[in-house]
Amino acid sequence: MTAQSQTVGAGQPAPTSPRSHWREHLVAWSFALPYVLLFLVFMAGPILVALFTSFTDMRVTDIRNPLDIEITGIENYAAVLTDARFHKAAANTAVFVLIGVPLTIVLGLAAAVGLNQAVVKFRTLFRVGFYLPVVTSIVAIAVVWRLLLGTEVGLVNAVLASFGIDGPGWLNDERFALWSIIGVAAWRNLGFLMVIFLAGLQTIPKDLYEAAEVDGANSWQRFKGITLPLLRPTMLFGFVITGIGYVQFFEEPYVMTEGGPLNSTLSMALYTYNQFGFGNYGYTAAAAFVLFIAIATLTLVQFRLLRDET
Amino acid sequence: MRIEKRLGATLLTIGMLASLAACGRDDDTGGGGEGSIAPQASEVDTSAASGEIDVWAMGAEGEALGAFAESFMEEFPDVTVNVTPVPWDAAHDRIVNAIAGGEVPDVTMVGTTWMGEFATLGGLDPTPANIDGSQFFEGAWNTTVVDGTSYAVPWYVETRLLYYRTDLAGDAEAPATWDDLKAMAAAMQEAGAEYGISLQPGGTGSWQTWMPFFWQAGGEIMGEDGTFTLDGQPCVEALTFYDSFFTDGLTPPAAEDVPVEGRFANGEIASFISGPWMMSIVEDAGTDPDTYAVAHQPTEEAGTSFVGGSNMAVLADADNKAAGWAFLEYLSRPDVQAAWYEEVSALPAVQAAWDEAALSGDEKLTAFGDQLSDAKAPPAIATWEQIAAEIDGIIEQVTVGDMTPEEGCPAMQDAASSIGTGQ
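These protein sequence lines are chains A and B, in that order.
For the first sequence, position 290 (counting from the first letter as 1) is numbered 290 according to this note's numbering, and the numbering increases by one without interruption.
Count along the second sequence from 1, add 310, and you get the number used in this note's numbering.
Chain B with its partners taken away, still in its complex shape (with noise of 0.2 angstroms):
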């Protein structure tokens, strides 16, 4: 009992003494940085850099990076990089801690929709002025500017293209405008495809195959007064589109449990809207290259298109800043980003790095490069996750019957101004 009581009343004042410190946090929230070249921090001096550097990377690049950092080792002999690879389910989460606890690597890779929270959070270092954000493509830059600072340097990206099968769409050429999309969907439907496109009808990640429809109206996610701006004209116009495919029976009405490559190669699908991984996945499922093509998304107000992928931040806790960005400097050259899409497939960020051999030879990869200058990344707030996942939700309602593009629209301004921006 005794000891209960005890550490009962220590806990309370614990509890009280935190009461008292939280004397309010600061009410100073900053505009919706969209500015296109953000202030930078001061130059650092990587040319002297040495000692060891531990770093974090997710998936396939955490298991090739350890053994491409040796050509960087070569170069800088003084440095030696250890690189641990972590799953990304785990990797959020294990960022999160490694910054509350002040135990960080010196760099991690940082999923594009992270680096809110991260650099809220205050666990990210200010990208230094010996950077050019200028040589990435905008849009992928963009992705590292929270509240007008770079806090990384985007490693490599993925945009959303239209995928169709040629053999299907006959004559018809790549579709110029949201009209010849349906039109397209529809003749290859027509000629012999059980569904003329797959688009997702809810569930997580909608919002991805989704948003670009809604940068093509001309909308965007907040204004420059860092309100939410997706009530609107461009809202309605996209949701209404979007669930046009639904009414019309040209896309499967529910979620389907058998994968879209297999529908794909069989030719059951006529097209799909999805990232550059989805090449190998489609050969590899029996797609012939030569039958299927990869085109710009449609140009309604634009033609933009989703730019995701991974930026490469150093910690602010790190304890070997210096080496940390000759490292990121190093990643960032172009015959470096060349080499690295060698090695994994990932796109590079460098725009310089696309005219290397490796990638201006390819046709289709081609096609993601050209989107590529024409890619948005959702706002770089803390609370994007959650927002996206209302989203989701509410494309969700639409396409099912729930609920009308005019009702949908209001809902996720409404969603997304209670949740807000975290700050």
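Just chain A, with the same shape it has in the complex (with noise of 0.2 angstroms):
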């Protein structure tokens, strides 16, 4: 390693000879080794037997003799792609995105602007009132939310009542299910994505709100035209993040409506995770693979919808 700083030093030309070459090879990969034969044995070895796995007909019940496996092509992304649950799921999945994942950035978004300047005072006990979702056990949670969403004791349709208003069954009427989940995820993440964006606040230099105050942009000019362009790294990252976390949504029907009623909070996690409870591991891997080429695509898409315009 002297050496070789050494000449880089001195600024000549390094000695480029092939030996050389295949030495700092060597000692690159072997600095590299821990990280990589932890991630071919633990990582790129499971994934690749999973993807054999899912062109099989593998089930619990051939553990014993895994040989004893037959190889039935796509069969099962054909079966996972016609099953008209899947399709619920997937549909459940996409709204639960495409509501959640905006609803969670703008709700985190004003928690980030309103303690970056108005509320002073209690600036603390509020980025942990809003952090602490995020840092509880799901289960927790769960277990409140669902005794504040009940039906007959739930204490939202106490409140409700108390207004004459007959509240509907948050959790167990399908046609508000869903929306409840959305809204119990959106609650617990906004936490997360309110320090993500505090962070990106604080980068935003000062005097461009005095010199656009100074040629008197109100606030919402100064948020529309500062705030929100110098914002949008920090968006992008928050929507990636937030974009693959609700794909896989799975936690919260799994533990407050096992993605009942009707299967309307059903989500393709669930059902892949069911799936793999009955034994169906042929068809599991095909449905994680599916999940896969889901949050694939939607990565992608997000980057090119806000990819830096400058």
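Because the hints were derived from the structure by calculation, they are not lab data.
Wrong hints could be hidden among the right ones.
Claimed, not checked - Restricting the straight-line Cα-Cα distance to at most 25 angstroms, the calculated cross-link-like pairs of lysine to aspartate or glutamate (DMTMM-like) are:
1. B:Lys-492 to B:Asp-629
2. A:Lys-88 to B:Glu-695
3. A:Lys-88 to B:Glu-717
4. A:Lys-88 to B:Asp-702
5. A:Lys-88 to B:Asp-724
To be verified - Each pair of labels, with its calculated beta carbon distance range:
6. A:Ala-140 to B:Asp-672: 51 to 61 angstroms
7. A:Ala-296 to B:Ala-439: 31 to 41 angstroms
8. B:Ser-655 to A:Val-153: 21 to 31 angstroms
9. A:Ala-140 to B:Thr-390: 40 to 50 angstroms
Every residue gets a Cβ at the ideal spot worked out from N, C-alpha and C, and that includes glycine.
Hey, can you piece these two chains together into the complex? The hints should help.
Next comes the structure, spelled out in structure tokens:
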């Protein structure tokens, strides 16, 4: 290493014999080796095996003789894509992402902008308050929200009743369940985005706002003209991270509704998980790769749409 | 790069080997074994049992069994029983993993609906001939039988009865037929209950409430030839009857978030169908034991109920099968079964145990005992949980009115047939 840095420091063209290249590679790989090994053994390997499994009819009853399975080609993929329940799960997931991601972003942004200027006094308290759901166990959150959203004894319906409104079954009516879950997810995740956006807001130079103020721009114009454009990279990050998370939404329906009523809160990830529970490993692997393709596509689309246009 | 490539090549080779070796599974699908007494493996000599046995047990049973096994060790001083309590949630996957890896306990508790899966997996040891299958309730013994061979012993059982408020029912007798049940629910609603009965509108496990009606109408889940026979008149009748409680407003239209025991205790719900564990739950919720009764399922073609519970199995890869079977033989003795009932209130699977004083004196318990001689379990096939989930979904669609019973039954049949038996 010392010899090399001296060579570079002297500004002379390094002697590039194939032998030294080889050594450089070896050194680099030896540093990367622990990660590469872990990645290969615990990530790439299982992913490849899962990919292979998705083209077979492997079931739980085959695990003692894993070689005793049949290659079925794309049969699993065809079955997943033609299953009416999978269509329902895909539609639910699409609604969840298309409504939930913008909703969470808007709420997170509103909290961040608000905390960045107005409420200086209790800033820390609010910051902690908004962030607390992010670090709270989803099971605790689900239990609390199930109590709040209960049809007969829920707090939400009790408040509505005091105004003379007969509240619906938030979680056991198929017209409301998915929307309730979207609300809970947005509430739970806005704190994370708030922190990200707060950090983003800190990077915007104060003098831009001052200049705009001098020019007579009101606060909405300042937000539209300065905050939003300069927050674009942060927003892209927020959209991608939240999007990836929301396509795989699983915990909320798993602990709150089990995908019901009438599969109205069944997500693609929960569908896949259920198939795994039934022991249909080949089918599950195929469903998981369909989900993976959906996530990859969504991320690509987001990068295209929100790419820095400068 | 190089390492990656090499490993990639290795993985590819493994993949190719796998595909070469995958020269097809056996296609000999057996019939849907519903025979009464199944062929058993030859006898195991349990008299000289010795050594250690590891036992996995779930729930309250898992916590109590360790101490309970002391009496067994007194009789077999050479055997040490190590009980590991396993939570129910984790049990299924843990047993599957153990069987797959070959690192198994000697004995494990098995939920009745898992039998098909574990036996097809080749993980369970066939029951030896020294265990007499006829001493158990027939419905319970049948849950151990997969493809004509028994792989476990029934340990405790549960069955579903009608719980109803005698103060609301007035002079009415326990319902003898479907019409009686309907009339009774309507009368109790008239007498002041908000709902005459509470039936599950759908969701996980609702098939366990509905399936008895299907059996009562004369239905069978599988025919002798091992094909599903869900579609047909019995199914339509049962679904129509079940749905009529919803259309007539006799049962809550959607799942309630208030537990039924509280609503039963204060008389808002006049009746429901459930298992023996609900006796202590409704009494803890404040129901006076004198104001409610449990009744046999109504009878049409039959008066069948659902039988569930748990079996005890020795694993195929167990180190100490002889001691394992000795332990299960011991647990199946009538007096031991009755003692076990006193320990954890689990209903004995052995018929003779019901003559013991601990059980024969209680009127409500006797009703469960009577029902157990007419109780069935779903076929022990590896895919039953998946089929049951489909049935749950169709029941829900019928009760909310998205589907008619005439559409629901073919849908159940199609779903079950396309899932198959997993062989």
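Do the hints match the structure? See the list:
1. B:Lys-492 to B:Asp-629: violated (54 angstroms)
2. A:Lys-88 to B:Glu-695: holds (21 angstroms)
3. A:Lys-88 to B:Glu-717: holds (19 angstroms)
4. A:Lys-88 to B:Asp-702: Cα-Cα ~17 angstroms, so holds.
5. A:Lys-88 to B:Asp-724: holds (19 angstroms)
6. A:Ala-140 to B:Asp-672: 51 to 61 angstroms: violated (40 angstroms)
7. A:Ala-296 to B:Ala-439: 31 to 41 angstroms: violated (58 angstroms)
8. B:Ser-655 to A:Val-153: 21 to 31 angstroms: holds (29 angstroms)
9. A:Ala-140 to B:Thr-390: 40 to 50 angstroms: holds (41 angstroms)
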